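Colleague: Sequence:
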Amino acid sequence: MVVMLVIEIINTREVLRKRIGPLGDRLIGRVLDHEAEVEKAVIQELETAFKSFGIEARILSVEGMELMGSRLEVSLKLREQRQVIP
Numbered sequence: 022m023v024v025m026l027v028i029e030i031i032n033t034r035e036v037l038r039k040r041i042g043p044l045g046d047r048l049i050g051r052v053l054d055h056e057a058e059v060e061k062a063v064i065q066e067l068e069t070a071f072k073s074f075g076i077e078a079r080i081l082s083v084e085g086m087e088l089m090g091s092r093l094e095v096s097l098k099l100r101e102q103r104q105v106i107p
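Those letters in the sequence shown? Residues 22 to 107, per my numbering, in order.
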């Protein structure tokens, strides 16, 4: 059986703001892509957690999904893929 999860991170700007502080806050949106930076951090944390639990997985970063109420609209563009093997 295959289990898939979709995670929507809603507050990427605030998360990055907390990590880099007030000086770096001015860079968000200009130099730093807050969504990409938080996405990279979450993927790294998932990979670490999966390995520690012995979970073999593929973590896919995709573009083009939109949640419309309880319906998921999908037009995917694969941005990143990692194979996790403990």
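Among the hints, erroneous ones may be present.
Only pairs whose alpha carbons sit at most 20 Å apart, straight line, appear in this in silico EDC-like list of lysine to aspartate or glutamate [unchecked claim]:
#1 72 / 101
#2 72 / 54
#3 98 / 29
#4 61 / 77
#5 72 / 87
#6 61 / 101
#7 61 / 35
#8 98 / 87
#9 39 / 66
#10 39 / 77
#11 98 / 54
#12 72 / 60
#13 72 / 35
#14 98 / 84
#15 98 / 35
#16 72 / 56
#17 61 / 94
#18 72 / 84
#19 98 / 58
#20 39 / 54
In short, the hints are calculated from the structure, not lab data.
What you are looking at is a predicted structure, and each value in this text was computed from that prediction instead of being measured.
Colleague: Next step is simple, just say for each hint if it's right about the structure.
Modeller: Tested hints:
The suggested pairing of residue 72 with residue 101 holds, with an alpha-carbon distance near 18 Å, which does not exceed 20 Å. A threshold of 20 Å between alpha carbons decides the hint, and for residue 72 with residue 54 the separation of about 27 Å lies outside it, so the pair is violated. Of the pairs offered as hints, the one joining residue 98 and residue 29 holds, with about 16 Å between alpha carbons and a cut-off of 20 Å not exceeded. The straight-line distance between the Cα atoms of residue 61 and residue 77 is roughly 19 Å, inside the 20 Å bound, and the hint therefore holds.
With a C-alpha separation of about 29 Å, the suggested pair residue 72 and residue 87 falls outside the 20 Å cut-off, and the hint is violated. Straight-line distance between C-alpha atoms of residue 61 and residue 101 comes to about 10 Å, which keeps the hinted pair within the 20 Å bound. Restraint check for residue 61 and residue 35: satisfied, since their Cα atoms lie roughly 15 Å apart, inside the 20 Å limit. At most 20 Å may separate the alpha-carbon atoms for a hinted pair to count; residue 98 and residue 87 meet this at roughly 13 Å.
Taken as a hint, the residue 39 and residue 66 pair is honoured in the structure, with Cα atoms around 17 Å apart against an allowance of 20 Å. With a C-alpha separation of about 31 Å, the suggested pair residue 39 and residue 77 falls outside the 20 Å cut-off, and the hint is violated. A C-alpha spacing of about 18 Å is found between residue 98 and residue 54, which places the hinted pair at or below 20 Å, so the restraint holds. Taking the CA atoms of residue 72 and residue 60, the gap is near 18 Å; set against the 20 Å cutoff, the hint holds.
The straight-line distance between the Cα atoms of residue 72 and residue 35 is roughly 28 Å, outside the 20 Å bound, and the hint therefore fails. As the CA atoms of residue 98 and residue 84 are separated by approximately 5 Å, the hinted pair is consistent with the 20 Å bound. Under the criterion of a C-alpha separation no larger than 20 Å, the hint pairing residue 98 with residue 35 is inconsistent with the structure, at around 26 Å. A threshold of 20 Å between alpha carbons decides the hint, and for residue 72 with residue 56 the separation of about 24 Å lies outside it, so the pair is violated.
Of the supplied pair hints, the one linking residue 61 and residue 94 is violated, its CA atoms being roughly 23 Å apart against a limit of 20 Å. With a C-alpha separation of about 25 Å, the suggested pairing of residue 72 with residue 84 is violated against the 20 Å cut-off. For the hint linking residue 98 to residue 58, the alpha-carbon distance of about 18 Å falls within 20 Å, and the restraint holds. Between residue 39 and residue 54 the CA atoms are separated by roughly 15 Å; this keeps the pair inside 20 Å, and the hint holds.
Of the hints listed earlier, those the structure fails to meet are numbers 2, 5, 10, 13, 15, 16, 17, 18, in rising order.
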